[in-house]
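Number of protein chains: 2
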Amino acid sequence: MDKKKIIILGAGFGGIAAAKKLKGCDAEILIIDKTNHFLFQPLLYQVAGASLSARDITMPIREIFAHQDNVSVIMGEVVEIHKGQKYVALGNQDRHFYDYLIIGVGARHSYFGNDQWETHAPGLKTLTDALTIREKVLTSFEIAERCPDLAEAYKYLTFAIVGGGPTGVELAGTFAEICKKTLKKNFSRISSEKARIILIEGFNRILPPFHPALSHRAKLDLEKLGVEVLTECKVTNINEEGIQTDTGFIPCKNILWAAGNQASPLLKTLHTECDRSGRVLVDHNLNIPGHNEIFVIGDAANFQYKGAALPAVAPAAKQQGTFVGKLVYQEISKKHLSPLRKKGFSYLDKGGLATIGTWKAVGYFKNIRFKGILAWLIWGFVHIAYLIGHRNKISVMLEWCLHTWTGKRGSRVIYGSIEEKIPKPHKK
Amino acid sequence: MDKKKIIILGAGFGGIAAAKKLKGCDAEILIIDKTNHFLFQPLLYQVAGASLSARDITMPIREIFAHQDNVSVIMGEVVEIHKGQKYVALGNQDRHFYDYLIIGVGARHSYFGNDQWETHAPGLKTLTDALTIREKVLTSFEIAERCPDLAEAYKYLTFAIVGGGPTGVELAGTFAEICKKTLKKNFSRISSEKARIILIEGFNRILPPFHPALSHRAKLDLEKLGVEVLTECKVTNINEEGIQTDTGFIPCKNILWAAGNQASPLLKTLHTECDRSGRVLVDHNLNIPGHNEIFVIGDAANFQYKGAALPAVAPAAKQQGTFVGKLVYQEISKKHLSPLRKKGFSYLDKGGLATIGTWKAVGYFKNIRFKGILAWLIWGFVHIAYLIGHRNKISVMLEWCLHTWTGKRGSRVIYGSIEEKIPKPHKK
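Sequence order for the protein chains is A and B. The opening residue of the first sequence carries number 3 in this note's numbering; numbering runs sequentially from there. The opening residue of the second sequence carries number 3 in this note's numbering; numbering runs sequentially from there.
Treat the hints with caution; some may be incorrect.
Since the list can't tell identical chains apart, any single copy or any two copies may satisfy a pair.
Stated by the list, open to error - List of simulated lysine to aspartate or glutamate pairs, EDC-like, C-alpha gap at most 20 Å:
#1 LYS5 / GLU295
#2 LYS308 / ASP351
#3 LYS187 / ASP71
#4 LYS423 / GLU79
#5 LYS22 / GLU137
#6 LYS23 / GLU243
Simulated from the structure, these hints should not be mistaken for lab results.
Between the sequences and the hints, there should be enough to build the whole structure, so can you do that?
This is how it looks when you write it as structure tokens:
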């Protein structure tokens, strides 16, 4: 008899966890991902912030499964899921049939209908996003140094980050440290210390999912680093010259977007109910209605937990992947429905952590709240522990030590040229 | 009185050495470079070969001179040197005047009049070149794995390297190890071990500047790694489908160019005598005729030594930079011509080294020749010793240990997507 075919779309936290759980299963597993690597997204902002390099937080998918014989990997983009005939189609129309389909395709950032803002305010989801931001920020300093007049120069030294969730807070803290520490003494005409970093949040406090006391602490910590924190501030427009909010216009050449997610458009081809952010509504087994062979996990799914959708965090995706992997393994080996289906997926809330800068972080686990050095150390240990690969762990620790002691950042390479971006000199 | 102005074009081995020698000099030094980083070019092929990441072999120019107060840095491209009025002009027409000009702008690869070959056969001089090659090679394996027929797939798994100098040899060895070791067990349809690596050299042996015994040893070592070495083989055409030589056509999707240099076109604006490769003919002080305030160093210069132009190697550039830095320092502080001008620049030949693979290298120093493990260890120590920055030294050693023991390579990230590059499936 032919082996059962399992297709996993997306090699993020969820997809990788599912595939690993299926080790030893007598099935053919096919992982399809747009990229060739697993990305450790929680540290992606540090690539954008020139602390870490791409390889520190990635691992080739093929390398992860080099010794798991039931896994093959395809690098490619699935453009359609055909749940009736049970296949997925790649961009070149290649079809791959499945008995089980596990979908963990994640999300992109959403501009709430203002997609034209993306050019001026890139978001941070993929490695390419992170390198785009790094390049933009580092180049801004180079342009500023060459700007004919200083008023113009300081537009390039103003950084606005839209969205006060963990990513926004981490980016704001990082850029503050870059300006005040890393680039100190690096320029002759401009002073990087005089750069402005502005964090903009629509809600009445930053880090909305955290306890108000931690939000408050994070705000104080950011302000100590020189970040201006604007809450209850709505962005109404973004263009090349800056950012318009309901309280005024900020001239600014560096805008980063850390507000709002939209699940992958591929999910629409499932023709099943989605929420406002495009996430698929799944049942207690992470299945879509009427298809107990299709699972949606991670940021692509809306799984109801305590009356709301599960947050888009790595532990949730990982736990879901593990659950689905185990369930499918049982069904294939025992040849009947897994007993796990009765119980359904249950989420173990591991709390939250957000880092603001060196020695500065906030976090919670159940009712316990951490802040300051303790939170920062916990944050560091947790992230090192969950990184994939010994090489990456060692390399990240090395970078962090260097960075903590000297303020230096290892990955300050600019790839592009800047000549065409320099404003023309004024008539003399 | 105004301080003397020294402009250094290019922050390579020569430019950096000159600027460092000028530390403490009562002058204004301006370094202008197209990129924001110093690049340790001898290890660039390891970035192309996915062993090292960009940051391991780079250092921001600003960081190198953060504590040398007489240096400013501009990232930009000089498009003209006006030796009459003593200024250089940037792309945006900004002019910078000098009392001394030190030119170390290096070279690009040359296709001997066949510039259309560049699209299919990229060369290796800059970081962007290295990443282009890495991306092309890694993507080839992904495409091959998805190719509808295997004959087509193996075109993507054929690598031809044109030019049997140190760079060509190092690239051939690297790609052989990638195919035979790094990617082993990574693919399901293709066998990376079956990839062909072909090194093509026009002369009758590889490594022409080395002793014939070492050329012979290098050839044997390469062949042990599975590389096909073709000598006395002339390339007559290159296109999308492969490479035409005087002995036949090789179907091949990966061609790399490691033959021939052409100095920067900026040098033409000096309106002084250049050689066939565009290098400026300099006198014993590295000056151009009639301008003892203009120095040309490194790969941009043709300095006659033992009846030939000095080879385009890092030690030559570095020694020249040091000589010029010292000379200019003396003239500015003593306010009369430096006594160094009488003696002129003298080159200390430090021999040569080329690595072929793990534990395999060849090298010489004066009349002593090294090969095998000893040469490989010397090669490793020398390169670590000359890398700039402790972080880079540690990181490179870490990568090499990992790589030597496990065959793994840390930097296998593909940034682009591949969907549009996949050949369409055949009719079934």
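Comparing the hints with the structure gives:
no.: 1; hint: LYS5 / GLU295; verdict: within (15 Å within a copy, 77 Å between copies)
no.: 2; hint: LYS308 / ASP351; verdict: within (11 Å within a copy, 74 Å between copies)
no.: 3; hint: LYS187 / ASP71; verdict: between (53 Å within a copy, 9 Å between copies)
no.: 4; hint: LYS423 / GLU79; verdict: between (34 Å within a copy, 12 Å between copies)
no.: 5; hint: LYS22 / GLU137; verdict: neither (35 Å within a copy, 27 Å between copies)
no.: 6; hint: LYS23 / GLU243; verdict: neither (50 Å within a copy, 43 Å between copies)
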